[in-house]
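Engineer: Sequence lines, in order, name chains G and Y.
Position one of the first sequence corresponds to residue -11 (our numbering), numbered consecutively onward.
Position one of the second sequence corresponds to residue 11 (our numbering), numbered consecutively onward.
None of these hints come from the bench; they were simulated from the model.
Treat the hints with caution; some may be incorrect.
[As the list claims (entries may be wrong)] In the DSSO-like style, the derived pairs of lysine-lysine whose C-alpha atoms are separated by at most 27 Å in a straight line are: (1) Y:LYS290 to G:LYS257; (2) Y:LYS107 to Y:LYS218; (3) G:LYS29 to G:LYS156; (4) G:LYS29 to Y:LYS107; (5) Y:LYS240 to Y:LYS290; (6) G:LYS173 to G:LYS257.
[What the hints assert, rightly or not] So the derived label-pair ranges between C-beta atoms look like this: (7) Y:GLN177 to G:ALA32: 45 to 51 Å; (8) G:VAL93 to Y:ASP334: 30 to 36 Å; (9) Y:PRO184 to G:GLY175: 56 to 62 Å; (10) G:PRO70 to Y:PRO369: 42 to 48 Å; (11) Y:GLY138 to G:HIS266: 52 to 58 Å; (12) G:PRO92 to Y:ILE187: 34 to 40 Å; (13) G:ILE148 to Y:ASP50: 35 to 41 Å; (14) Y:THR72 to G:PRO92: 19 to 25 Å; (15) Y:PRO68 to G:LEU186: 37 to 43 Å; (16) G:PRO17 to Y:GLY249: 43 to 49 Å; (17) G:ALA207 to Y:PRO184: 24 to 30 Å.
Where a beta carbon is used, it is the ideal one built from N, C-alpha and C, also for glycine.
Chain residues, written in single-letter form:
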Amino acid sequence: MRAALFMGWVALALGGCASQSFSMRGLPPETPAADNAAAIKAAAVLAAAQTDASQRALNQEGPSTAPPLTAADAPSMYTYDPWERVNRFTYRVNARFDEAVFLPVANGYRRVPAPIRSGVHNFFENLSELDSVVNYAAQLRLGGGAHSLGRFLINSTLGIGGLFDVAKRFNLESDLTGFGTTLSKWGMHPGPYFVIPLLGPATLRDSVGLLGDFGIVYAIDVAQLYRGNKTWALGVVDAVDQRSNTSFRYYSTGSPFEYETVRFLYVHKELIEDEALHVKDRPKKRDVTAPAGK
Amino acid sequence: MKWPRTFLALGSLFFGATALAAAQPNTLPPTIGPATGLADSAGLRATVFGTPPQEIAPLPETVPLQEINIALPWTRAVPEVFWFDGRLRVWFSGQDKPAPLAIVISGFGSDGNTTKISILRGALYGAGYHVLTMPSPTFPGFIVSASSTGVAADLRQDSHDLYAAMQQIIAHLPREIQITDVDVLGYSLGGANAAVVKSIDATEGKLKVHRAVMINPPVSLFESVSRLDKLFAINIGSGDAGVENLYRRLYTRLANLYRNSDRVRIDESDLLSAAAAVLKTDADFSAAIALTFRTALVDMFFAADLYAGTGVVVNPRSPPRLGDSLEETARILRGKPFSEYFAKVFAPYYLARRRDSTPESLRADNRLDIISDALRSNPDYYAQTNSDDLILDKPELAWLKATLGERIAVYDHGGHLGNIGERRQISDMLEMLAGRWQHTATR
Chain G
-11 MRAALFMGWV ALALGGCASQ SFSMRGLPPE TPAADNAAAI KAAAVLAAAQ
39 TDASQRALNQ EGPSTAPPLT AADAPSMYTY DPWERVNRFT YRVNARFDEA
89 VFLPVANGYR RVPAPIRSGV HNFFENLSEL DSVVNYAAQL RLGGGAHSLG
139 RFLINSTLGI GGLFDVAKRF NLESDLTGFG TTLSKWGMHP GPYFVIPLLG
189 PATLRDSVGL LGDFGIVYAI DVAQLYRGNK TWALGVVDAV DQRSNTSFRY
239 YSTGSPFEYE TVRFLYVHKE LIEDEALHVK DRPKKRDVTA PAGK
Chain Y
11 MKWPRTFLAL GSLFFGATAL AAAQPNTLPP TIGPATGLAD SAGLRATVFG
61 TPPQEIAPLP ETVPLQEINI ALPWTRAVPE VFWFDGRLRV WFSGQDKPAP
111 LAIVISGFGS DGNTTKISIL RGALYGAGYH VLTMPSPTFP GFIVSASSTG
161 VAADLRQDSH DLYAAMQQII AHLPREIQIT DVDVLGYSLG GANAAVVKSI
211 DATEGKLKVH RAVMINPPVS LFESVSRLDK LFAINIGSGD AGVENLYRRL
261 YTRLANLYRN SDRVRIDESD LLSAAAAVLK TDADFSAAIA LTFRTALVDM
311 FFAADLYAGT GVVVNPRSPP RLGDSLEETA RILRGKPFSE YFAKVFAPYY
361 LARRRDSTPE SLRADNRLDI ISDALRSNPD YYAQTNSDDL ILDKPELAWL
411 KATLGERIAV YDHGGHLGNI GERRQISDML EMLAGRWQHT ATR
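Working from the sequences, and respecting the hints, build out all of it.
Structural biologist: Below is the structure:
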């Protein structure tokens, strides 16, 4: 019954959004002064990071002991997308849902005072630290696991149930991982491109990863948050928090090729992450003529 | 519940890819080298990176922002593959008291809400203007929702469409927004559009446009663009094979960078530093600029071919449907320069509709000198440009200076749009809009 009501509301929202010939809707105000101050800070950090990286390259330090990749190692520019027709359909549905429901809600949420929003954000990030602990262990990266566990313990106690990121002050920056990365570490390829309904672009491996992540937090069930009705409420708040922190806007490119562009960027970003993850492994022979991800 | 990371990754990737390709998403990028003799490394780098944040003019703490979606009465049937572009989207920031309205027009292929637009919006709003920001008439969203022909990049036609759209938007604004005066400005191609809009208004008088400020305008769009195609051919190669090689180069460099870093996840700041790290030589910067421009051209080419029924990549009898893959179409279009757009779509379309026109007359109609009398004699036209702006060659820059006389500021550095938001650029722009600018102030 609840599901039916919800779907009815969605249908109304989707149907109603295209009918007016003129609409004016408020967006969260821009904050150029603060943005620029942040950009100045980021520029300084970047400059430092760049010096770091070039220093390291000079000294040939760092995790990379394998020979550097050459242009011949790059995967195909074309993406493996055997389910393209369905994916395109889902992408469109997602765009409509985002425009009619998700984005307005997220924009409204951004009117909530910033300290409250950052508390909510920290709370969810803290919950995913546990998932990270399990996955780091499964990836045999025990340092990462200890890091996440430390963050979880500090933020859950000193940070009052995760509302404050106190660990950051102890130089323990957030560095989450998930089951998708674990699968990659175990040698699974990204597989076909797959647009998850309502959630967005992914690959088959990511999708399994999401299910795995949910399975892990469900199994741990910290503070009984993942049983009963409140799971749904939590899920919704989590989603709204994430959406409000994401600047992506469907079809803001205006381009008829947006689906192709997003697919290319998404899958190739994942492949680059894989390259970094597998740097210590023996270099794999890759069929560079096959579509990327296959 | 980790799903939104996909969104996050996407957002950051877009951000990163934008930085990688040319700091501003789709502005008209410059040409370099033998074509102009003005290009230098600093100009190329400024074009790609934009104004360093510490040199940005003081901006307000908050700027209210509203998004306007408007269905324009003259819009034709929306093609299936453009279902999302049916209504024109523009952005408005209103003062709560009577104020002048500044209308800002974006550069080639760009939407009305780019990073550069945001900076201009902040500065204008801070100076007491209502601000309306609009896409370039070459942006696909504009072509579908507001163009009367669907075949973009004709200076006069595009500016007419812009002018008509502006009237509709202003007529629909809520009554409590009181407008005391109207000024138009734009950057890159949008600068040329702004000036032509003012000249159209001089005869039609519907908006009573007071002043126009052009920021880094081209003198001849076609000339600037054909230099860009040359840039593409030199630094990327011809056709899709060149793009594929460029992709392999960048992929390898990025992958090696991440292999050399402890952090596995790619986030925004990483990607930015990555972008800075993988573009090294002038040829890299040139390639990034040329590719950015070509990407914008691909969209415009596709839309025009579809509307004009010229059949270059779109079969007019069976246009692509919603579920169809467009990868192959995009691949073909990436290999096509502007000259082909002109020869196969633009010229056939307009020659058939304009009596006594010739390819030469179409080219001539797209030069800024179609309004040279107004530019020369009317004190309300202003321009800002850089002596190392790569879309101008020496004669073109000389023409701008000679035509505008005391009403052009020419800065020594900044490349193409690489000093938008810089303190001096902003203060001069505001003085120009207020009619107080003195030429002696030019650096």
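Engineer: Against this structure, judge whether each hint is valid.
Structural biologist: Each hint tested on the structure:
At most 27 Å may separate the alpha-carbon atoms for a hinted pair to count; Y:LYS290 and G:LYS257 meet this at roughly 21 Å. In summary, the hint linking Y:LYS107 to Y:LYS218 is supported, as the alpha carbons are separated by about 20 Å, within the 27 Å threshold. Restraint check: the Cα-Cα separation between G:LYS29 and G:LYS156 comes to about 17 Å, which is no more than 27 Å; the hinted pair holds. For the proposed pair G:LYS29 and Y:LYS107, the alpha carbon gap of about 35 Å is over 27 Å, so the pair is violated.
Restraint check for Y:LYS240 and Y:LYS290: satisfied, since their Cα atoms lie roughly 20 Å apart, inside the 27 Å limit. Restraint check: the Cα-Cα separation between G:LYS173 and G:LYS257 comes to about 16 Å, which is no more than 27 Å; the hinted pair holds. At about 46 Å, the CB distance of Y:GLN177 to G:ALA32 agrees with the hint of 45 to 51 Å. Checked against the given bound of 30 to 36 Å, the beta carbons of G:VAL93 and Y:ASP334, roughly 32 Å apart, stay inside it.
A hinted range of 56 to 62 Å for the beta carbons of Y:PRO184 and G:GLY175 is consistent with their spacing of about 59 Å. Separated by about 45 Å at the C-beta atoms, G:PRO70 and Y:PRO369 satisfy the suggested range of 42 to 48 Å. Judged by the Cβ atoms, the range 52 to 58 Å given for Y:GLY138 and G:HIS266 holds: they are separated by roughly 56 Å. Taking the beta carbon of each, G:PRO92 and Y:ILE187 are about 22 Å apart, not inside 34 to 40 Å as hinted.
For G:ILE148 and Y:ASP50, the hinted distance range of 35 to 41 Å is not satisfied, since their beta carbons lie about 56 Å from each other. Between Y:THR72 and G:PRO92 the beta carbon distance is about 20 Å. The supplied range of 19 to 25 Å therefore holds. Distance hint check for Y:PRO68 and G:LEU186: the Cβ-Cβ separation is about 42 Å, which falls inside the suggested range of 37 to 43 Å. Between G:PRO17 and Y:GLY249 the CB atoms are about 45 Å apart, so this pair conforms to the stated range of 43 to 49 Å.
Under the hint 24 to 30 Å, the C-beta atoms of G:ALA207 and Y:PRO184, about 54 Å apart, miss the expected range.
Hints 4, 12, 13 and 17 from the earlier list are contradicted by this structure; the remaining hints agree with it.
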